[in-house]
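J.: The residues making up each chain are set out below.
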Amino acid sequence: MLRQVNGLYPWPYDGRWSAADTALLVVDMQRDLLDPEGWFALTGGDTAPLVAIVPAVARALALARAARLAVIFTIESHRPDLSDLPANKLWRSRRLGAAIGEAGPLGRHLVRGAAGTAVVAALAPEPGEPVVDKPGKSAFIGCDLDQILRRRGVRNLVFSGVTTDGAVQCTLRDANDRGYECLLLEDATASDVARDHADQVHTLSLAGGHYGSIATVAALAEALQPETVR
Amino acid sequence: MSLPPVDAEPYLWPFDGAWSPADTALVIIDMQTDFLKADGYCDLMGLDIGLTSASIEPTRRLLERMRALGFTIIHTREGHRPDLTDLNDNKRWRSARIGAEIGTPGPCGRVLTRGEPGWDIVPELYPVAGEPVVDKPGKGSFHATDFEQVLTSRGIRRLIFAGVTSDCCVHTTMTNANDKGYECLLLGDASAALDSRNHAMIVAITAKRGGQFGAVAKVDQVLAALA
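Quick note, the sequences are listed as chains A and B, same order. If you count the first sequence from 1, position 36 lands on 36 in UniProt numbering, and the numbers rise without skipping. If you count the second sequence from 1, position 99 lands on 99 in UniProt numbering, and the numbers rise without skipping.
Chain A with its partners taken away, still in its complex shape (with noise of 0.2 Å):
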């Protein structure tokens, strides 16, 4: 049994978790939306709110490893064919500037199997860690998050990754709908746009934790930390 992580409330609500039903989830960290030559930035992105979170992110995938906890990547790409890609989604990334599916330096944007659909290279899965790719912001449309989930029963989710306006909130709204227990890392999580970021905090604030706790890193270090070094 371990502590409760110190934050917006004690997390989780009801003090239960353990290696075996929590997983941390890592959201889109990918070199599309991080490189310098990633669509993100070809269509006017700002990556440096991004990129200065992966040692964040680095240390809760540490942590989370260290506490055997599931690891669980996803990625936002589409099928090569595109036959799961929403035509104005492709309308809207034509008019960016770098339409989905479209060849950059980092090979086809957004779509499956291309250079840019990696995981950057400091947060790389190791074997055995899931990665979900997802033709959406949330990580429970049109994929197999959910499966695995509860396959391997999990009910407490640990957020990072990117952006917070985006796919972070998009999926945890979803997952706590679905009835799980989800603590948002505020400084392993970021939006291009620091506004942007602080006002979903704000609004995720709401009501005490109306869709789960928040918290930062150092304390689920500190809530993972084992008895023994206490």
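Keep in mind the hints are simulated off the structure, nothing from the lab. Keep in mind that a hint or two might mislead.
Listing some non-contacts, in silico: residues in chain B with all C-beta distances to chain A over 10 Å [unchecked claim]:
hint	residue
1	5
2	14
3	44
4	67
5	68
6	116
7	134
8	155
9	194
10	195
11	205
12	210
13	211
14	221
15	227
Ranges between beta-carbon positions, derived for each pair [said to hold, decoys possible]:
hint	chain 1	residue 1	chain 2	residue 2	range
16	B	17	A	81	23 to 33 Å
17	B	86	A	142	17 to 27 Å
18	B	81	A	142	26 to 36 Å
19	B	38	A	222	23 to 33 Å
Far from chain B by the CB rule (all over 12 Å, computed), these chain A residues [unchecked claim]:
hint	residue
20	20
21	150
22	151
Just so we're clear, the structure is a prediction, and the values are computed from it rather than from any experiment. We put the beta carbon where it would ideally sit given N, CA and C, even for glycine.
Given the structure of chain A, go ahead and fit chain B onto it with the hints provided.
T.: Chain B alone, transformed into the frame defined by chain A:
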């Protein structure tokens, strides 16, 4: 009947230019007494229902016009089965912690419980016969409901969103719809939050990066396209 596009931000909506009553629905999210009216539980908890109730009249104006033109109108309600068998344990715990435990007696009946007065839709926007009402146990309207089944059955591909709260159930439903390929429009003045910063944030991030979740317009801009 094909309609002219709506003068929305950040693009003329819908993206492909065409919309009609046959393929477009007005989705009115959670316009329930508990969220909007004096003596509802939001009011009793000291939350600012002035912000949410201001969305009723703009929603009513558009509802009446779209209803007259034969659009599909879909209403949602957040609430749980009376035996609470669909209530997640952590949702119940959090509601108890802020003094409004779901299922316990409140000012307008049992809080967020189906069949209670506070849970029902406000009279100004009450559904008429033939308008589907979707009862949902969560924030998103797709989860644990037949919302998508209704949309698919009617051939709906475009969704116009009104309701409360913009940062909670409206946003969750709209971002899910966008992921599923629906072309979405958020009505900035026919939706509201209990915190004005949160509402402004939702409008901003919806229109961000060329409209990452769809477009945003005011009721009058939609009415102009329907004139």
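J.: Compare the structure with each hint and give your call.
T.: Each hint tested on the structure:
1. With a minimum CB-CB distance of about 13 Å to chain A, residue 5 of chain B clears the 10 Å threshold, and the non-interface call stands.
2. At roughly 8 Å, the least C-beta separation between residue 14 of chain B and chain A is not larger than 10 Å, which violates its mark as non-interface.
3. For residue 44 of chain B, the requirement that its beta carbon stay farther than 10 Å from each beta carbon of chain A is met, with the minimum near 14 Å.
4. The beta carbon of residue 67 of chain B sits about 26 Å from the closest Cβ of chain A, which is more than 10 Å, so the claim that it is off the interface holds.
5. The claim that residue 68 of chain B lies off the interface holds: its Cβ sits roughly 28 Å from the closest Cβ of chain A, which is beyond the 10 Å cut-off.
6. The claim that residue 116 of chain B lies off the interface holds: its Cβ sits roughly 20 Å from the closest Cβ of chain A, which is beyond the 10 Å cut-off.
7. Every CB of chain A is more than 10 Å from the CB of residue 134 of chain B (nearest about 14 Å), matching its label as outside the interface.
8. Even its closest Cβ contact with chain A, about 16 Å, leaves residue 155 of chain B beyond 10 Å, as expected for a residue assigned away from the interface.
9. For residue 194 of chain B, the shortest C-beta to C-beta distance to chain A comes to about 8 Å, within the 10 Å cut-off, and the non-interface label is violated.
10. Taking the minimum C-beta to C-beta distance to chain A, about 7 Å, the non-interface status of residue 195 of chain B is violated against the 10 Å cut.
11. The non-interface label for residue 205 of chain B is inconsistent with chain A: the shortest C-beta to C-beta separation is roughly 5 Å, within 10 Å.
12. A cut-off of 10 Å between C-beta atoms contradicts the statement that residue 210 of chain B is not in contact with chain A; the least separation is 5 Å.
13. At the 10 Å boundary, the C-beta of residue 211 of chain B falls inside the reach of chain A, the nearest C-beta of that chain being 6 Å off.
14. Even its closest Cβ contact with chain A, about 19 Å, leaves residue 221 of chain B beyond 10 Å, as expected for a residue assigned away from the interface.
15. Distance check on residue 227 of chain B: its Cβ is at least 25 Å (rounded) from any Cβ of chain A, clearing the 10 Å threshold; non-interface status holds.
16. A hinted range of 23 to 33 Å holds for the C-beta pair residue 17 of chain B and residue 81 of chain A, which are about 26 Å apart.
17. Between residue 86 of chain B and residue 142 of chain A, the C-beta spacing of about 24 Å keeps the proposed range 17 to 27 Å intact.
18. Here the CB-CB span from residue 81 of chain B to residue 142 of chain A is close to 28 Å, well matched to the stated 26 to 36 Å.
19. The hinted range of 23 to 33 Å is not satisfied by residue 38 of chain B and residue 222 of chain A, whose Cβ atoms lie roughly 45 Å apart.
20. For residue 20 of chain A, the shortest C-beta to C-beta distance to chain B comes to about 18 Å, beyond the 12 Å cut-off, and the non-interface label holds.
21. Non-interface status of residue 150 of chain A relative to chain B is upheld: no Cβ of that chain comes within 12 Å, the nearest being about 14 Å off.
22. Distance check for residue 151 of chain A against chain B: the nearest CB is about 19 Å away, which clears 12 Å, and the non-interface claim stands.
The structure fails to meet hints 2, 9, 10, 11, 12, 13 and 19 from the earlier list, while all remaining hints are met.
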